[in-house]
Amino acid sequence: MCVGWEEDVMTEEQVAAWLERAARRDQLACRELYQAFHGSVRRVAEGFAALGSAEVEDVVQETFVRAFRSLSRVHHPRAFSGWLHTIARHIALSLDRSARRRERVRDALAREGEPATPALPEALQLERRVAVVRALIEELPEGPEKQTAHLFYVEGTQSAREIAEQLGLGKSAVTMRLERFRARVKRELLARLLAAEVG
Amino acid sequence: MKTPSEDTHGPFGHLDAASWRALENHEPAAVAYFARHLAAPCEACEAFLTEASGQDELDALADEALMATAGLPPREDALGWERVRRRAFPSRARTWGVGLGALSAAAVLVLLVAAPRTGREVDLRSSERVKGGAPLVLELTAAAQLPDGRVLPVAQGQALPPEAVVLLRYHTSEATQAVLLREVPGEAPRALGHFSLEPGTHELAEASGLVGVSLEGEAGALALALVALPPGTLAGRIEDHGSEQKAATLSHAAGWPGAVAARIHLRVEPTDDSATER
Numbered sequence: 000m001c002v003g004w005e006e007d008v009m010t011e012e013q014v015a016a017w018l019e020r021a022a023r024r025d026q027l028a029c030r031e032l033y034q035a036f037h038g039s040v041r042r043v044a045e046g047f048a049a050l051g052s053a054e055v056e057d058v059v060q061e062t063f064v065r066a067f068r069s070l071s072r073v074h075h076p077r078a079f080s081g082w083l084h085t086i087a088r089h090i091a092l093s094l095d096r097s098a099r100r101r102e103r104v105r106d107a108l109a110r111e112g113e114p115a116t117p118a119l120p121e122a123l124q125l126e127r128r129v130a131v132v133r134a135l136i137e138e139l140p141e142g143p144e145k146q147t148a149h150l151f152y153v154e155g156t157q158s159a160r161e162i163a164e165q166l167g168l169g170k171s172a173v174t175m176r177l178e179r180f181r182a183r184v185k186r187e188l189l190a191r192l193l194a195a196e197v198g
Numbered sequence: 000m001k002t003p004s005e006d007t008h009g010p011f012g013h014l015d016a017a018s019w020r021a022l023e024n025h026e027p028a029a030v031a032y033f034a035r036h037l038a039a040p041c042e043a044c045e046a047f048l049t050e051a052s053g054q055d056e057l058d059a060l061a062d063e064a065l066m067a068t069a070g071l072p073p074r075e076d077a078l079g080w081e082r083v084r085r086r087a088f089p090s091r092a093r094t095w096g097v098g099l100g101a102l103s104a105a106a107v108l109v110l111l112v113a114a115p116r117t118g119r120e121v122d123l124r125s126s127e128r129v130k131g132g133a134p135l136v137l138e139l140t141a142a143a144q145l146p147d148g149r150v151l152p153v154a155q156g157q158a159l160p161p162e163a164v165v166l167l168r169y170h171t172s173e174a175t176q177a178v179l180l181r182e183v184p185g186e187a188p189r190a191l192g193h194f195s196l197e198p199g200t201h202e203l204a205e206a207s208g209l210v211g212v213s214l215e216g217e218a219g220a221l222a223l224a225l226v227a228l229p230p231g232t233l234a235g236r237i238e239d240h241g242s243e244q245k246a247a248t249l250s251h252a253a254g255w256p257g258a259v260a261a262r263i264h265l266r267v268e269p270t271d272d273s274a275t276e277r
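Chains as they are written, first to last, in numbering that gives the first Met the number 0: chain A, 0 to 198; chain B, 0 to 277.
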């Protein structure tokens, strides 16, 4: 099974092997995990336009340092990337200057626990979820919201801060749009999870 | 799209803390209701999903999909790994705080440009005639950003605290590829990354920004070597290699035929005023 986005590069079996070695403090395995996942962790941080590039790098570094200390918690390779992203999001939120966000992260950090290994129905395998994201972007009405989501998630090369500069928008406006779109994705995925549970 | 004032006729209305708990407890009525309700966009429920905490499993599912949407291939980040490695696997008994971590490319660039260019800043120059052509000239200078924010030019053999981050600037006479090596007496060289150099004088940078080499976890003598390579050398040696094998191969770059190296020698010492020592 493909764990990440490069089906022929990173298989679930490979990640499982790296995790097993990395949990025994094998540096080379940790390096492989870093090289495979630092890009997506960085993108999580780059979604917060309030964070400068130094803070984004701090988020990446802190995420992996924290993860490598707690790898014994990861019992399934499929849980690893989601767990990393959750850690990165918590750290990014903690660096965000917004008091409201800090309040949220205090709560989130207090709850940071075991990486979840959801028993995913077919409708929620990664490829299907990516298709959901693409469809939701396509469904957005033409305008800045769609442009922002397309630039950040489909093109995937600019940070939220860079997109704000390109579109002449405030940093918080871009972050808010990305968060709003992410909530839409969460709503759609939750609906599918619940529908699978109903059967 | 449903708004907060619409479609609240079900037994649960919109998502809130109570209904979320019901979903976490897999209460059949809640699951059935929200499976229907959330199948269409709903501003109120999406606002809850934006603001509320405690949704780690759903967050993980969403983020994994969102970050995979662009489908970009993984990019090698040797310097980032080096920073993580030093914190996750401190090689010496003494470690000195959490260090500076990575620096802002923009901030570093401004600071480096603004740093006074005094006689203390040394240029380490190296040149070699490659295959009978004009000699490739490679020069390397360095500045260090200290924990208090000061940026100082770095002289040959200068002592720096482990909290410092070294910034490199090169001058080369032609476009070339280069490998940055960490050299410590008694240890094998370690490749910190490989770069494309442009003719002229430039800050050493990679796609994600300016390169800052953290000294965290270091102690004693240390050299940073920038090794310029003849055209085609890198492609021939690291093509199709995994990152482990690539790093191991690059660590030998200084010994490859036609390689031209420029080095900055440092001493890493944990003293408060070490940055100004000679």
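Worth double-checking, as some hints may not be accurate.
What the hints assert, rightly or not - If the Cβ cut is set under 7 angstroms, some of the chain B residues that face chain A in the computed set are:
1) Ala31
2) Ala34
3) Leu37
4) Leu60
5) Thr68
6) Leu151
Unchecked claim - Residues of chain B placed beyond 12 angstroms of chain A at every Cβ, according to the derived structure:
7) Pro10
8) Ser52
9) Gly156
10) Ser213
Said to hold, decoys possible - Each pair of labels, with its calculated beta carbon distance range:
11) B:Arg236 with A:Gln26: 33 to 39 angstroms
12) B:Asp15 with A:Gln26: 43 to 49 angstroms
13) A:Arg72 with B:Phe88: 39 to 45 angstroms
14) B:Gly219 with A:Leu166: 46 to 52 angstroms
15) A:Gln165 with B:Arg236: 34 to 40 angstroms
16) B:Asp147 with A:Leu27: 49 to 55 angstroms
If you are wondering where the hints come from, they were derived from the structure by calculation, not from laboratory data. For every residue, glycine included, the Cβ atom is placed at its ideal position computed from N, Cα and C.
Hint-by-hint comparison with the structure:
| no. | hint | verdict |
| --- | --- | --- |
| 1 | Ala31 | holds (5 angstroms) |
| 2 | Ala34 | holds (4 angstroms) |
| 3 | Leu37 | holds (4 angstroms) |
| 4 | Leu60 | holds (5 angstroms) |
| 5 | Thr68 | holds (5 angstroms) |
| 6 | Leu151 | violated (19 angstroms) |
| 7 | Pro10 | holds (15 angstroms) |
| 8 | Ser52 | violated (4 angstroms) |
| 9 | Gly156 | holds (29 angstroms) |
| 10 | Ser213 | violated (9 angstroms) |
| 11 | B:Arg236 with A:Gln26: 33 to 39 angstroms | violated (22 angstroms) |
| 12 | B:Asp15 with A:Gln26: 43 to 49 angstroms | holds (46 angstroms) |
| 13 | A:Arg72 with B:Phe88: 39 to 45 angstroms | violated (19 angstroms) |
| 14 | B:Gly219 with A:Leu166: 46 to 52 angstroms | holds (49 angstroms) |
| 15 | A:Gln165 with B:Arg236: 34 to 40 angstroms | holds (38 angstroms) |
| 16 | B:Asp147 with A:Leu27: 49 to 55 angstroms | violated (36 angstroms) |
The structure shown violates the earlier hints numbered 6, 8, 10, 11, 13 and 16.
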